[in-house]
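There are 2 protein chains.
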Amino acid sequence: MSKTKAYAAQTAATPLEEWSLERRAPKPHDVQIEILYCGVCHSDLHTARNEWGNTIFPVVPGHEIVGRVTAVGDHVSKFKVGQLAGIGCLVDSCRECDNCKEGLEQYCSNGMVGTYNGQEKDGSGITYGGYSKQIVAHEDFVLHITDKQPLEGIAPLLCAGITTYSPLKHWKVGKGDKVGVLGLGGLGHMGVKLAASMGAEVTMLSHSPSKEADAKKLGAHKFVLTSDKGQTKPVKGYFDFILNTVSADHDYNFYLRMLSTNGVMVCVGAPPTPAKIPAFNLIGGRKSIAGSNIGGLPETQEMLDYCAEHNIVSDVEVIKMSEINEAYERMLKGDVKYRFVIDMSTL
Amino acid sequence: MSKTKAYAAQTAATPLEEWSLERRAPKPHDVQIEILYCGVCHSDLHTARNEWGNTIFPVVPGHEIVGRVTAVGDHVSKFKVGQLAGIGCLVDSCRECDNCKEGLEQYCSNGMVGTYNGQEKDGSGITYGGYSKQIVAHEDFVLHITDKQPLEGIAPLLCAGITTYSPLKHWKVGKGDKVGVLGLGGLGHMGVKLAASMGAEVTMLSHSPSKEADAKKLGAHKFVLTSDKGQTKPVKGYFDFILNTVSADHDYNFYLRMLSTNGVMVCVGAPPTPAKIPAFNLIGGRKSIAGSNIGGLPETQEMLDYCAEHNIVSDVEVIKMSEINEAYERMLKGDVKYRFVIDMSTL
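From first to last, the protein sequence lines stand for chains C and S.
According to this note's numbering, the stretch in the first sequence is residues 115 to 461, in order.
According to this note's numbering, the stretch in the second sequence is residues 115 to 461, in order.
For the record, the hints were derived by calculation from the structure and aren't laboratory data.
Treat the hints loosely; a few may be bogus.
Copies of the same chain look alike in the list, so a pair counts if it fits in one copy or across any two.
As the list claims (entries may be wrong) - Here are the simulated BS3-like pairs of lysine-lysine, each with C-alpha atoms no more than 25 Å apart in a straight line:
| id | residue 1 | residue 2 |
| --- | --- | --- |
| 1 | K343 | K192 |
| 2 | K390 | K350 |
| 3 | K262 | K194 |
| 4 | K447 | K331 |
| 5 | K235 | K350 |
| 6 | K215 | K117 |
| 7 | K194 | K141 |
| 8 | K347 | K336 |
| 9 | K347 | K283 |
| 10 | K286 | K215 |
| 11 | K347 | K262 |
| 12 | K215 | K192 |
| 13 | K286 | K330 |
| 14 | K447 | K119 |
| 15 | K350 | K215 |
| 16 | K390 | K283 |
| 17 | K347 | K215 |
| 18 | K215 | K289 |
The structure presented is a predicted model; accordingly, all values stated were derived computationally and were not measured.
Using the sequences and the hints, build the whole thing.
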């Protein structure tokens, strides 16, 4: 066991503060990582404040982790001390169900183990995330990270990147496709970059005119101000694919109308109120609404390699560990372009 | 023009009664058909009673039409006098939009022309359906009908058949797939027959124990009584595809739980109340809800040929024209196995 500095929420109502936790000594297949950067995901805030009602306190958030390997177990074959490594949203799964066998560990039938607020499969306790100096995980749940890109820009790929990459790949988005991206936050800005890199024509759908210039800088070819009927009318029946990254309540039907025949809207955000969908809105035009959850380990590595090859990283604002509570407040206001990343050397 | 006996609803509140309408003389590309049988679809009842609020009275329902060609226009190349012919849910479309060019006339961007209660594209008036002795339509919207199967069993293929065939084909249902069919009515019984013929393992999902024997006779391999937790629990995450034929209000989420990872539920019925769907129910397992509307002309012919080859027809109860109002009442009670078909010689 080794004592590790961390930042934790002790209750739903208190700010995150410095805390100390025990990490296990590396087991034969474990990799120990000194964390260099950790991205700040909206899920971190939801969990720290127990907004999903399932938080076990104290909680150490953070599942966009990059760092350097400091020790490996005797049987580790994939990593060596000194190499860069990453950990995303999950650190274990049953490895036996059909989904796990297909590399879809995120859909593990027996429940994946989240990087924080998860229950270790061996009963050894709760998982603690990346707002800490060090982490230990089974090598199968650790990713290879390139040294050719800035590490702080890579960190958010482990959640925001894979969450948007996976549905674009699964629904085979590519050249000739018209893609709408709804919402320009941490997920949306990765959606724009990735869809554009895959050859699609990308349109940012936003109710905020101020996002137009930014969206185009990120690679969007078009911009539609959703509050302006003059702009939404021409995109009726237009999109083959809409990547819906919004997790605030909104009317899905407004965007279903923008789908072409056979069009698919994939939701990666989960609004608090269930969407109300008349079947007619799907029947007319053979449309689909789908959901997608992060990605499995093989696809996450594929995404990291793809981003390295295409020189894609997240646009980030690096903060100190002590600035996390302020960062949460700014995140709630959408005041971040487009992801906060904690420089863990500041802890 | 030729006077044609028909059955029409004169208002939403009155029963259907004998009426007389004018059919146009065949134009160069038109086929004139003496109607032998016409299936009775639930849409007929919805329209006769103006339940969708868009009925133009008097209305002559009926869009599951089979008969014999009695005259053809000078330029008709596909049909000869004396041949069998069929007409389904649409008799025209714009023929110019991308959907029409792809043979997806049912999704015509400019609006298909329904076989009844539709507006003729040339402004000549309202379309009248198959509860009549004769009909005239452009040859491109007329189907070839085999003389190897009973005509009364073929008629419902033109709507109930294609409505279930099209999504099964579009989502590539076949051998090795686990298919749930929800609802055992006109659509559901065709869904069971077709999915089984395609090699899928078919499970009937019903809240009525009395449907089990019937479903199995139709080709279902399994039956799940949806009111029995002991039966629904084992099918959690089980189905690759659910064909949802129910148009009464019901909880979609109950059935989404039965979908496997990547599973799709396709709705061909449209309940009056919009479904409430939390995004989490789609995100967990990358599930989809989709809709599907009948089929285009090429696919409808493909389906008729497929059914002829696989010896599939609808299970029907033949009625006299004068029994139509009683048939509507019985249909509302689900008291039909599984489609009423009018013997038009009784008019």
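Going through the numbered hints above, which ones does this structure break? Give me the numbers in ascending order. 1, 6, 9, 11, 14 and 16
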